[in-house]
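Top line first, the protein sequences correspond to chains A and B. So the number in this note's numbering is just where the residue sits in the first sequence, counting from 1, plus 193. So the number in this note's numbering is just where the residue sits in the second sequence, counting from 1, plus 33.
Any given hint could turn out to be false.
[Said to hold, decoys possible] Label-pair distances were calculated between CB atoms; the ranges are:
no.: 1; chain 1: B; residue 1: G301; chain 2: A; residue 2: T205; range: 31 to 39 Å
no.: 2; chain 1: A; residue 1: T201; chain 2: B; residue 2: S252; range: 35 to 43 Å
no.: 3; chain 1: A; residue 1: T201; chain 2: B; residue 2: P415; range: 45 to 53 Å
no.: 4; chain 1: A; residue 1: T205; chain 2: B; residue 2: A41; range: 23 to 31 Å
no.: 5; chain 1: A; residue 1: T201; chain 2: B; residue 2: P138; range: 50 to 58 Å
no.: 6; chain 1: B; residue 1: A222; chain 2: A; residue 2: T201; range: 51 to 59 Å
Please keep in mind that the hints were generated in silico from the structure rather than gathered at the bench. Note that CB positions come from ideal geometry on N, CA and C, so glycine has one too.
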Amino acid sequence: MSADEPSTGGFTGDPAAALQITGSGDCCGSPAQAVGDIRPPAGRADGDEPCCGTREAARAADSCCGTRARADAVATGQGCCS
Amino acid sequence: MTGANDLATRLRRVSADRMTATVAVLASDPMTGRRVGSTGGAAARAWLVDRLAALGATVRTEHFPVRAVPQVYAAPTVAWGGRSGSAPLAFGRQVAIHPASADRPDLRRGALGVAGRDDPAGRWLVVPAELNLFDAYRDTQGAAGLLLRRPVDADGWQFTMLAGPDPGPLPVLTLDPDTHSAVLAAATARDGWLSGATPLRRDDVTGVNIHARLRQPASGAGDLLLTAHYDGVGDHPGLRLPGASDNATGVAVVLEAARVLAAGLPAGVGLSVALLDREEVGALGSAHHATRLRAEGAAPLVVNVDGAGRLDGAAAVEAGGPAHRLLALLDQAGRHTGVPLTAGPVASDNRRYGRAGLAAVGIGAGMGGYHSPADTPDKVDPGTLALIARLVVATVHLAAAAPATLSSSIGDKR
Numbered sequence: 194m195s196a197d198e199p200s201t202g203g204f205t206g207d208p209a210a211a212l213q214i215t216g217s218g219d220c221c222g223s224p225a226q227a228v229g230d231i232r233p234p235a236g237r238a239d240g241d242e243p244c245c246g247t248r249e250a251a252r253a254a255d256s257c258c259g260t261r262a263r264a265d266a267v268a269t270g271q272g273c274c275s
Numbered sequence: 034m035t036g037a038n039d040l041a042t043r044l045r046r047v048s049a050d051r052m053t054a055t056v057a058v059l060a061s062d063p064m065t066g067r068r069v070g071s072t073g074g075a076a077a078r079a080w081l082v083d084r085l086a087a088l089g090a091t092v093r094t095e096h097f098p099v100r101a102v103p104q105v106y107a108a109p110t111v112a113w114g115g116r117s118g119s120a121p122l123a124f125g126r127q128v129a130i131h132p133a134s135a136d137r138p139d140l141r142r143g144a145l146g147v148a149g150r151d152d153p154a155g156r157w158l159v160v161p162a163e164l165n166l167f168d169a170y171r172d173t174q175g176a177a178g179l180l181l182r183r184p185v186d187a188d189g190w191q192f193t194m195l196a197g198p199d200p201g202p203l204p205v206l207t208l209d210p211d212t213h214s215a216v217l218a219a220a221t222a223r224d225g226w227l228s229g230a231t232p233l234r235r236d237d238v239t240g241v242n243i244h245a246r247l248r249q250p251a252s253g254a255g256d257l258l259l260t261a262h263y264d265g266v267g268d269h270p271g272l273r274l275p276g277a278s279d280n281a282t283g284v285a286v287v288l289e290a291a292r293v294l295a296a297g298l299p300a301g302v303g304l305s306v307a308l309l310d311r312e313e314v315g316a317l318g319s320a321h322h323a324t325r326l327r328a329e330g331a332a333p334l335v336v337n338v339d340g341a342g343r344l345d346g347a348a349a350v351e352a353g354g355p356a357h358r359l360l361a362l363l364d365q366a367g368r369h370t371g372v373p374l375t376a377g378p379v380a381s382d383n384r385r386y387g388r389a390g391l392a393a394v395g396i397g398a399g400m401g402g403y404h405s406p407a408d409t410p411d412k413v414d415p416g417t418l419a420l421i422a423r424l425v426v427a428t429v430h431l432a433a434a435a436p437a438t439l440s441s442s443i444g445d446k447r
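Working from the sequences, and respecting the hints, build out all of it.
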């Protein structure tokens, strides 16, 4: 396609929707991880589905993204946005 | 060189052939799939540093520790059988090792059972599709291991992941849907056995980002950062995972855009490139880089490319941080170059920059053969490479040409 030809490009709909992607504030890394295809055996507290951190840290913090769980996730390479 | 004619000239300089050649190099055998900390990753990095230096950039590398990267160090030997006979399972297609598996290089043979139903002692437990791994772990005392269902791609390959949960105490194998169905049926009938090993170790390695400054920004002028991750999930023993679309294509686009833009940006506008390591293990390479940028007081507009293998309708765009202006520029660039765009997830390094408070967009256009041996250079569409590179070039051109106060109807709060 030449840059001089008529264009059908650009956003369909509201470009600002790109700022509201579901899950974008959660896990980082591969799409498969982000969509939660595999749930970790460690790290999920009752009624919650944390995406990172060890089970012990998540339980201690009562949340995947509690400070301790997050630090543990980063240290162990689990990938938790901070 | 900032006018519309200049942009047209610049867009004509984009070479699909050059990008195709870059993809071929990065996906070649010596690069071994470019896993973080691997010899192939180091080879790719050395090649990329040379390419950036040839553009006249000031290149530096940033090293950071990476813990517990999973690596299959031997092709697992797995077989199963029942009354009707036995069969070996093909590694990569019918069976693979789950990243949460324990490292068990020794063969374990046991009767098949159904997780959550049968006595686990000594059995390989088949996890029904409706049960997730976490739930399956609840009653596994003494089990030989777990068998999970995993989908396959159009070429029949299971995908590989490096990012994932902590390793558990048991071997965990993943089975393709047909095999899983057959093994589950045998387990339900209490007729069958499986023998398997899970040679999966976790290595502490060093990740290395590449940062190349092509132009310093003048005080108060705009600054742009083009990024792509160069790491892949890496080869397995006996299996190549070339990582062509993911993300040799993104790297090729960024290199080509930098080549086209380097000579012609208006004075004062900054331009740099970051080729990032360890995206495949939690995107921590970009987390490291974003933290460093913030510490240095830098606030570039970030354009990240993750996947430019084959445009399917429209390129996905995800934005983070104060990115309204950047989105407006990208929209203009899309209209100018004829690249359709749609808001969609790009779960990649752009998220790290956005979370660090930088205006960042991620662009994704094609992930065929995701993390599998099917992600080969021959499946990469040169036309898509050209389109995405032109989109990036036009975005940077417009950002450089427009005053920093450019506003749009969806402008950022200041």
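Hint-by-hint comparison with the structure:
For the pair B:G301 and A:T205, the supplied restraint of 31 to 39 Å holds, since their beta-carbon distance comes to about 35 Å. Our hint of 35 to 43 Å for A:T201 and B:S252 holds, since their Cβ atoms are close to 40 Å apart. In this structure the hint that A:T201 and B:P415 lie 45 to 53 Å apart at CB is violated, the actual value being about 20 Å. For the pair A:T205 and B:A41, the supplied restraint of 23 to 31 Å holds, since their beta-carbon distance comes to about 25 Å.
For the pair A:T201 and B:P138, the supplied restraint of 50 to 58 Å holds, since their beta-carbon distance comes to about 55 Å. The hinted range of 51 to 59 Å is satisfied by B:A222 and A:T201, whose Cβ atoms lie roughly 57 Å apart.
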